[in-house]
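Engineer: Here is what each chain is made of, one letter per residue.
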Amino acid sequence: MSEKSVQARGICKSYKSLFGSAKTVLEGISLDIDREEIFGLLGPNGSGKTTLISIFSTLIYPEKGSLSILGLNARRDRGEIRKIINISTAKPNFPWSLTVRENLVHYGMLYGLYGLGLNRTVEDQIDAFELGEYRDVKFENLSTGLKQRLSLAKAMLNHPRLLFLDEPTTGLDPDMSAKTHDLIRRIHDEEGISVIMSTHYMPEAELLCDRIAFLRKGEVAALDTPQNLKNHLELGKRVKIAYRGLANLDALRALEGVLAVRGNPGMVDGQIDRKVARPVDGQLDGQVDKQLEILMDSNEDSLDRILKSFQDAKILDINIEEPDLEDVFLELAR
Amino acid sequence: MNWQGELNKYLASTYKNWVISKRNVFTLFELFFWPLVNLLSIGLLTRFLMVDESMVSFLLVGSIALTILQVAQMDVAYVLLFDMWSKSIKNTFIAPIHSRHLIFGSLFFGIMRGSVVFAILASISFYLFDFRFQAGGLIPPLIFLAGVFSMAAIIGITVCISILTFGQKADVAAWSLSGLILLFSGIYYPVDVLPFFLQVLARAIPLTYFLEYYRSIFIPGPHHLAVGLSLAALYLLLGLILFDRAIRRARRTGILLWLSE
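Going down the list, the sequences are from chains A and B. FYI, in the working numbering the residues of the first sequence are 4 to 337. FYI, in the working numbering the residues of the second sequence are 169 to 429.
Only chain B is shown next, with the shape it has when bound in the complex (with noise of 0.2 Å):
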């Protein structure tokens, strides 16, 4: 097959992510509303507060991060939900593919729309907090996307084993993975508050350290980005590797003909 044909299904995936959210209206919700309530409500908390302009910067950080990860996890995973809602997951599973298709695919389409969503909450924090994103350049805040989007990655890949490992149950996973991660990455304090054994946990977290390295441009500090840059990279190849491994067990029990009856 040619490049266009293995292109066609990695976009199949974004095809279809892309015409059933223009058609959910949920998908205003999930792009406008919750990320502005979300994002005057801490930046509000802030004037209330009367914190100081890195503090803002800090915690505006977490905001939009918690914010674009949600957005973009949610694309990953709805991948297979919205196979699993329609049950045609077999009509997927049938066809000559990959489970890196299905991912990445998923992802493209979660970057689209997580990038949307950075522009909307960086432009409004910028008029009415005066949180200027670009601060250190240009290239932070790529890297800090690019660190959130491969977190919503392993996210989304986590929720698409348990879907094929638990069946419809696995639905509650793709809604609270992500409040896991506000509370150990540090998306609204540093990890250092935390207990010492959260803290073990948190720098087992790529997103803490993209966290870090972008909030060093505002309050100076250390951070290990390439810790976070190794841990993402790993934890994306072994849950693709594991979602492979699901697939084949799925295919094995039997469960990609439960999740289409």
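Next comes chain A alone, as it looks inside the complex (with noise of 0.2 Å):
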């Protein structure tokens, strides 16, 4: 049996305030995470994710339920687990007048590390994360980009054997986000630490997890690899036409096997956006190129009833794509 970085079972949380009122994040949260997958925690905001993270690395204390991260019970063995495990926070905090070396100097040392060690291993985060050039600059004068790295790089200090990644890419623009997808893969694959991450990005989940757990009001909704998760909610097909000439859009809607008709771009609500698609007497001016989005099911006859009602307009092009973890994400978020 595979070796477990984090066992949960029956995790409960609620956050009381001064005068009594509490409000419950996280309901009976029970989980099982292997050593070698990459984790993903994927939710809508408020459901609990951050909470769960911060469980699980020993922050706050859950109030029910038992807990074993990487073998060692999380009740007693807090200290030992934080030898060995590590965090980077989303919108990462640090002193704001240290530097980029001071700041990893303050960690390492809270980590115990000490003389040529705690050098070299600041040294090599640095080269890591490619921070040289920024080493003497301090935290407050660094770009969101560079803080997300100062993160990780603190996080790597203690050399963990589970990294906890809360919303690693949030504010990065996307080469950023490239990147830092590029620096948790490595540090997965070629340094065999357990990784265990939240977002809300699907792109980003789909990219780097090997499975995925879909947190809606402080419950677990649905936990499964990217692929199967898409397979098992069966959403169909997204089609998307380009076409000249006439459809009638309500017809189309009122097709067997069609479950959505949207403009494209410009969709609102399941309603054609007026700016992008005039209808003119429930049918479309012919005059301009127009897109339609259409979700359909997996029948194979759905495709063939969609096509003969466009049999007066002339389709430009046509593109089928299976659904991707947004539309998972949307459908468990309902």
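Quick list of simulated restraints, FRET-style, between CB atoms:
(1) SER384/B x GLY135/A: 53 to 61 Å
(2) ARG78/A x LEU348/B: 34 to 42 Å
(3) ASP37/A x PHE201/B: 53 to 61 Å
(4) ASN76/A x ILE409/B: 20 to 28 Å
(5) TRP426/B x ILE87/A: 20 to 28 Å
(6) ARG413/B x LYS26/A: 19 to 27 Å
List time: in silico SDA-like cross-link candidates among lysine to any residue, alpha-carbon distance up to 25 Å:
(7) LYS94/A x PHE334/B
(8) LYS67/A x ASP412/B
(9) LYS86/A x LEU408/B
(10) LYS190/B x GLY118/A
(11) LYS182/A x LEU145/A
(12) LYS86/A x HIS266/B
These are computed hints drawn from the structure, not numbers from a lab. For every residue, glycine included, the Cβ atom is placed at its ideal position computed from N, Cα and C.
Using the supplied hints, reconstruct the complex from the two chains, each of which is provided in its own coordinate frame.
Structural biologist: Shown next, in the form of structure tokens:
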């Protein structure tokens, strides 16, 4: 049996105000996370991702439930667990007036590093996360991307066996996000570090995570590989059609196997955005090229029925896509 | 872990406070400006009132004690205040450390800064007001300083507990507590002049006894140094226990998360 990085049973957490009212954040979370996987926690804002990661990393304590981290009891062996885990948080914050190097030295000291070992580890992380140019720059003067890299470098100071990443690419531009993804993959693949990450970026989860737990209102709404999640939810396929001519939208919507019809771009709550495609008496004006996005079920006859409904139009382009994790997210978050 | 790694867990807070302090222009005000203003005000007041030499010593001991207390207690409180202000408290408490690492590491820096301030103030007092801090030998000022620093640690721990219990609002405690000590522990007057119930309170503050002890070198009189030492040790121990409990409570309530957001 594979070693578990996390074994959680019935984890509950609520936050109480000073005057006694309580807000439940987690309700009976149970998870088994394997040592060798990159595990993703997904969910809408307020679903409990950060709280769950904070509990797993022993920063805060659960109210109920049992928790084992890397085989250690999270209640009894917290000190030992903290030596072999680390965390990089969303919106990383460090003492403002300390430079990149000083911050790493400070946190290295908190982890009991000393002497040449401390210096070597700090320099290694500066090199690994390409922070050499910024080593003497104060934290307050770093860009968001550099702050995130510093946070990751700090999280690697103690050579953790388990790394928690709380929304590691929040606020980063696409280029920096891609670099961060590479870093996470490298940390996991080359250094053999278990990674548990929270994110609300679906492509990121799909790209990096071996398995995903969807949290909704403090509960695990779904747990599986990204592919299985898409398969099991039977979300259907997305057909994008560019055409010129007339298409009867009402008839299209009424077709068997058609789940939704959207203008593209500019679909608003399942309705055609009139700025994009302007219907005339239930039909689209035939003078301009138009695009529609049709969500259909997996039945092979559905596509045939859809195409027949465009008999009065000229189809310019057609593209059929499998559902992505974003669709899964929207489905589960309902 | 070996002793060097353990030592560095303590020195981490010393290092952080040192780096932040050396970049903060207000450090100069904390170390030089306000202490000098305070000392010169009191010293010149003694000249104006034409008090005798023993009374000059009485007042200058109070002035020096208050200044060192404020400097050192802030250094202990800074260990969490800096983290709270920069919203990085989460990173500190995810590390494998105990409350003692934070308190004693920052207290060590407070002792260094307090010692520098003491050296400056004692020198200036000697040249301007003929106050000889080593009149009874070197042991009395060292015991006196140890008492002031232990009191600073107790106040600093109280502020840290307040931060973890009440969050951002605890800033106020950091700036106010030494003021209360000024009122109740006889910094500028003997505690006998206080109303009876405040005298009881004064007798519960270790600094009262350390002031009486050091002043007894200049104005011979009774003192109860052993009581002061015992109270300081008791409060320090109690403070560390309560700080540990405050950390556990902050982990239970989630305030550690809120302080980082």
